[in-house]
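2 protein chains.
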Amino acid sequence: MLSKKASCDQSHGQDSPYFLGWQEYEKNSYHEVQNSTGIIQMGLAENQLSFDLLESWLESNSDVLALERKGRSVFRELALFQDYHGFPDLKNRLVEFMAKLRGYKVEFDPNKLVLSAGATSANEILMFCLAEPGEAFLLPTPYYPGYDRDLKWRTGVEIVPIHCTSSNGFRITACALEDAYQQAQKLNLKVKGVLVTNPSNPLGTTMNRDELNHLIDFAITKRIHVISDEIYSGTVFDSPSFVSIAEALMETSTDDADICNRIHIVYSLSKDLGLPGFRVGMIYSYNETVVAAATKMSSFGLVSSQTQYFLSNMLSDKKFTRKYVKETQKRIRKMKEMLVSGLRGAGIGCLKSNAGLFCWVDMRHLLSSDTFEAEKELWKRILFGFGLNISPGSSCHCSEPGWFRVCFANISQETLQVALRRVEALVESFGDNFNHQRTVRNSRRSRPSLSKWVLPLPYDDHEQADR
Amino acid sequence: MLSKKASCDQSHGQDSPYFLGWQEYEKNSYHEVQNSTGIIQMGLAENQLSFDLLESWLESNSDVLALERKGRSVFRELALFQDYHGFPDLKNRLVEFMAKLRGYKVEFDPNKLVLSAGATSANEILMFCLAEPGEAFLLPTPYYPGYDRDLKWRTGVEIVPIHCTSSNGFRITACALEDAYQQAQKLNLKVKGVLVTNPSNPLGTTMNRDELNHLIDFAITKRIHVISDEIYSGTVFDSPSFVSIAEALMETSTDDADICNRIHIVYSLSKDLGLPGFRVGMIYSYNETVVAAATKMSSFGLVSSQTQYFLSNMLSDKKFTRKYVKETQKRIRKMKEMLVSGLRGAGIGCLKSNAGLFCWVDMRHLLSSDTFEAEKELWKRILFGFGLNISPGSSCHCSEPGWFRVCFANISQETLQVALRRVEALVESFGDNFNHQRTVRNSRRSRPSLSKWVLPLPYDDHEQADR
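Protein chains in written order, with the working numbering: chain A, 453 to 919; chain B, 453 to 919.
Same shape as in the complex, but just chain A:
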């Protein structure tokens, strides 16, 4: 008597190790005093590094939370405000903030912005607007595990992977795009667009101009949409600097005047400001019809007016946002360097990254075989044997076994040190057998370009190999 969506969970992806690891963490969470052998949560891309800055702002601006403006309560106004266009003031602040994060190289128009209850909802709304059930979007792998739920579950849209590999640092090539397109054709799926995350989740890298140009060219040639999910744009802590699709689009010269109408950006304050609980996401679209339809669809997930009021006030303090962004990026960089250096000490490398709240960690040398079964086996060993919840590449649909996403911005430096000691213990647990395996496995690999991703390269080479 129920719908297929409710009675079977397949396209929701709840049984992925990504979510299962969280469940294990919930059962046995690490605490430095109360449960020092518990599981450390490194599977959650949360930004907990700069709460002191937010709290200090709130202390100096207590009237905002108290819902007061110039000594008068705005409670009634907020209680009733349910216009799906959102607070004009918040939208003005948001487009300013978006422009700031892109070095003011692009401007955004608040009339093209649609608010939604988180990026989860923003991405689903775009699917409802751009595709019919049974039509497809192409996504570069590895991708955020939640997309199976967000893009496919209720919309009936299909995801076709664009296979990216370690051979070029998981970059999107024109060839990989075309392959995915052909694959969709074979499956009899009409391709409606490509969705990318830039900066990438789980890679922690930003797309370069070449990639962006390939992507836009591809969208022009195939007459399809591009969705650029840029929810990590405020986390870019190192060069090269972030290039938004908005910037690349501005620089594109094409006869296809309509291409703008097929470019859509998703943004959120969950990662950059560390406020996932407040549920503030948004769509920025150059397509008027999409803006109109998405605005109506936002009725299904409006942002609480209480929260809109708080954020429009906080974002209007430009001195604060400038300081917040700069300091947060500095702190992210520091944590990332601690993680990368600790892993290197244990003989583990990472993809060179410049953004995000995680590293894309290469543990291929720890696999018992070059398979996803072996990856899952290693994941379980790490989770249950060494108390670290990290996300295996398979949960991100990575096409190569042995990569893991490791988050570092949701824990303290002390906890990170504990985690790193556990990683060392993990590697030691492989003993001589490990060193032997590594040699055998390295010699087995044939693709020449792969060698630079395989240990025991020193960290610096590894990090720089791609650039």
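None of these hints come from the bench; they were simulated from the model. Here the structure is a predicted model, which means the values were calculated and not measured. One should not assume that every hint holds.
DSSO-like, lysine-lysine: derived pairs with alpha carbons at most 30 Å apart [as the list claims (entries may be wrong)]:
hint, chain 1, residue 1, chain 2, residue 2
1, A, LYS748, B, LYS456
2, B, LYS775, B, LYS552
3, A, LYS748, B, LYS832
With chain A's structure known, arrange chain B on it following the hints.
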């Protein structure tokens, strides 16, 4: 290149007079000083009667908005809280509040409650859980105009009307239910359930036990679901008292043990507490699978944790909620009596009501003919000629022309008086012609039961005719 949903708006229903009237109001809003000839908004079911009580609670509990608990900030905790199960504390308070509004005749289990960003989202989630695209739900007419958007637009579910008429005060009969079911069969639509609003929007009436028993029997016989949207349950200001489907279900004796698994309640704080801007809706389902699926779907519209915190604190103050509910019902009753008495003075009757923030007003005698064209003509005359935005029955899919939903809880007593003077002017504008027309039209009507709904019956008879 866009989906049908985005490129054509038919099933969204945006072009209904219900929404068009709002647009006109936005362009030319009444203000007693600044725009005394502007349009008065009586098309919006908002509860603005008890903000003073909410504000006074907030004044005495300023730590709650300041996000403080025992002098310590809970900001970090809230910023990160995005568990789709919601705050346990809020859910406990909500089920207590729901039980209170039902006179503690039923108990609710917080584990069966799913939070959502408003009832809009709750209703859509239930459609996604209970029906496939192309399957149908039966809805008694007249019904809330927003349902075309909420239930059909993105889900692809169809609505088949259960035609209720003035002959029995728009009550749902076993016969009307069966007719609708047969109609769906004819249209080759599989019926998955019935959705009712109780108290009814737009009627302002509560369902009696007979109706509820018919409904449950029907769901048992046909093996279908019942959704009871009870978002106005706190507005019942007069006898008979409110009977929730939860209470009727408890008293049902049946061999069909599975019927509980097909009963679902929708609730929200938008109407009863006057907080539509805060986006707090919920599903209460007796079906575990639906609870699990709906919880996952709530990811697309979670309630801001800032708002969850505020409400869980406010609802925990039982002395306050008791006073609030009692006082609000008293104020709703007073406004409703002012409206009904003023309309009666102008020779206009209403369906006898005991709940809601609106009356269901009978203007059939003012129609130039017994058609929906004439109703629309009258609606325009009232809107543009007399500056009142009210919702014509056609926007609620009523099967009889000439009924209008008139809201009274979003305006002050003074504004209501201005509105009533405009109603008098409207009626006077029909002049002698009106009296002539009325006589002619009355004599034309043949159904004997209709006579009691037709003016010039005195108000009291009219009100009591149905009970």
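**OP:** Mind listing which of the numbered hints don't hold for this structure, in increasing order?
**Re:** Violated: none.
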